[in-house]
Structure formats: structure tokens, C-alpha cells
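Asker: Sequence:
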Amino acid sequence: MLPTFVSAITSRALPALFVLGSLTASAPTLLPLPPVPQSAETDLPTTGVLAWHSETIGGGGTTALHLYDFRTGRLVSSSNAFGFPNVTNAINPNISPDGTLLTFMGIRAGVTKKDEQGNTIVTDEWRYFVVPLAHLDAQHTVDITANGSDFNRVWQDPTFLSNDLIIGKEFTRNGAIRNIVVINTAGKVCARFRSNGGEELSKPILRRRFGKDAIVCWTDAGKASDLAWFYADVEEIRSRRLGVNPRTKTLTKVKGASRPDLADYYPSPDPTSPAKVLFARWDATLPGDPDKGYDQVATVDLETEESKTLRFSRTTVDNSDPAPGGSGQVFFSRNGGSTGYDLYYAPQNGGSGTAKPLLIPRYSKTRHELGVAYSSAARLPNPTP
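If you're matching positions, the sequence shown starts at 1122 in the working numbering and goes up one per residue.
The hints are all genuine.
Subject to a maximum C-alpha distance of 16 Å in a straight line, what follows is the list of computed EDC-like cross-link-like pairs (lysine to aspartate or glutamate):
| hint | residue 1 | residue 2 |
| --- | --- | --- |
| 1 | 1374 | 1422 |
| 2 | 1344 | 1321 |
| 3 | 1397 | 1426 |
| 4 | 1376 | 1427 |
| 5 | 1374 | 1424 |
| 6 | 1333 | 1422 |
| 7 | 1374 | 1320 |
| 8 | 1344 | 1382 |
| 9 | 1374 | 1427 |
| 10 | 1397 | 1422 |
| 11 | 1333 | 1424 |
| 12 | 1309 | 1357 |
| 13 | 1370 | 1320 |
| 14 | 1397 | 1427 |
| 15 | 1429 | 1347 |
| 16 | 1376 | 1424 |
| 17 | 1309 | 1285 |
| 18 | 1333 | 1356 |
| 19 | 1374 | 1426 |
| 20 | 1376 | 1426 |
| 21 | 1376 | 1347 |
| 22 | 1333 | 1354 |
| 23 | 1374 | 1347 |
| 24 | 1344 | 1320 |
| 25 | 1477 | 1164 |
| 26 | 1309 | 1264 |
| 27 | 1370 | 1321 |
| 28 | 1370 | 1334 |
| 29 | 1374 | 1341 |
| 30 | 1333 | 1357 |
| 31 | 1397 | 1424 |
| 32 | 1370 | 1354 |
| 33 | 1374 | 1321 |
| 34 | 1397 | 1334 |
| 35 | 1376 | 1422 |
Using C-beta positions, here's what the derived DEER-type ranges look like:
| hint | residue 1 | residue 2 | range |
| --- | --- | --- | --- |
| 36 | 1168 | 1284 | 15 to 21 Å |
| 37 | 1307 | 1376 | 34 to 40 Å |
| 38 | 1371 | 1230 | 38 to 44 Å |
These are calculated hints, taken from the structure and not from any lab test.
Every residue, glycine too, gets a C-beta built ideally from N, C-alpha and C.
Full structure from sequences and hints, please.
Answerer: Okay, structure coming up:
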């Protein structure tokens, strides 16, 4: 079944494992836990940090961000963005390539704006936040989209383009603005792009195609979702020569786009090649589901335009939100029925039955777990005595 969270709003709902504390500016709880057991069969990373978010199954609950250090077995969890008191619904974490910074999207509590009738209301628009992994506290958590930015704009899907650049999605609820935006960690917009067809563009990432920088995203939503790409030079973006006015780009949709029985979404880097992309694919041709089809993890080569479903994806459950892991592993979310979407991992070239649940100690599977990201370079700080 195509996940309900694949929509014009690309947030994800997930369950939580802990009873999390009140929304205060205190430092996060660092729990000294035994690391996930390692073996030749699991082949999980022995270093690095895994990040994801969670929310109550069925919605209506508070979201939580989670960070797990494979080296030490430490887990950081917070219901309010690591103690930052003015952020709610923090989701979709991502870690910088050098492992030092965490970004996520959240809503600033208490910020007001004018509605169409001129009434003052509390904004519910998503923003980008950045915090150093070495200082997970309110003092160091910064809203980088606050520097003179329009609070009527929605900012979603932040992903590090490099250590100093974040790429994501920027739009307005009325559809007048639908941009891909690049902003640096100091809060300066470096570039904006839009499609000449006016499509909504979600979760952009950087790949390479025939030696050139290519930005890959997914277009539209639901069963109309397709993967697409366009060329954009990262060094030109970093220099801010493009300016803040959107550059119009012609999208090239990947082979198989617009088939009514397929919907491709949620692109992530495929570590086997700079030209390859991991993604999730809803396939209506798979039997057994009442709504005809399940979500599977797949990969596509931007140069040959050939795509394939990875064999570890079972056709009797939904698999979504893939992310590259260490040692040839893929992390992803699998719908486990009553336990919602749970974190799994599998060898990228593994066959059917090779996917295993990620059993982090003391992590109760009572919430959806989605939006996973892994950094081999990251590490969590030692717990405060």
C-alpha cells in the first residue's frame, strides 16, 4: 500500500519508544546501553551514528528524534528536539558528511503570522534547524531559516549537500511557490530552483551523472510520484552566484515515470555508484494487498536509466525510507502491522529473507520509526556525569 505519509507534505508519522520528559531546555538523556550485537550475519556498522524520528501510531502524538551510536551503544532521545523549548514536531534528521552537525525540520512554537483574513494566528510552517552533535542542547540549536525569511513559506526535507550546505524543499500552501532551496549553515540562501512545469519537488539529493552534478528529487505526490533530475553545479551554488531568485530547470524524469501502476519517491544516495539512487517504489502489480501493491526498496542508475527492486524487499509488506548504511547495508522502514513502521536493515544485494529488524536495546516498538539516516563519521558525546 502506498504509505499515507507520501503526500504534498512529506513529513512522516512515527511511534516512540520511551516516555519522554517535559518540553524543557534541559540537555538530552544519554543512556549508556550495550551496543547492538555484531556478528558475521548482521554485518552492522561498529562505528557511526544512526538518526531517525518517531511518532505515535495513528498520529496525534508528539514526534521524537533519536540518535544511536553504534560504537558505544548510547541512545539519545527527545520529544522536543533535544530540549529546544520552541520547537515542536521535529522530524527527518540528517547528519553532515563530516559527522559534526545534525539538521532536522520542525515547527517553531508560538510564532505568529497573518492569515488571509488578516487575523493573527500561530504558524504551523516547517523550518530547518541545525545543532552540533557535540552540543545537543537548546543553546546551540539554531533555526537557520529565520534570517529575514518569509514565515508563510514551508521548509521541508533538509539534507546536507556538503558540510556547509543544506538542500531541501520550499513552498507555500497555496502552491504559488514550489522551489528546491539550498541554504548554508549560517542561514544564507545560496540558490533556488523550480520546475518549468510547475511540479512540486520533494526530498532533493545530490548525485553525479556523466561527471556532472545532478540534483535528484521526486515530483508530485501519492500515486503520481516520479523520480526526476536536473543538472546544477555545486561550486556555483556555494559561491552564491545564482542568487535567491529561482532558476527554472527542465526536469528529466527517470525511465518508467508516469506509469499508473508505479509511484517512485524518497530518493537517497546509493553508495555503490555516484550515479545511482536508492528509492521507494509503490508497485500496483504486486498481488495480495487490498489496495493493489506494496512499497518496495529499489535502485536506479541515472546514466543507464535502468531500475530494479532490491531482492530483500518482501512483496507482502511495505518497505520505505531507504538510507545507505555501512558495510553494504541498507537501513529502511518496514510496516510490521500492529507495531507500525519499524527500522530494518539488509545487505543491499541480499536475497529474500535477509532483512532483519534493528533491535536497539531498550527501544520499545510502540511507535512508527521513519526517516532514517546514517553517518559513519559521527559520534555522540560522552554522557554528562
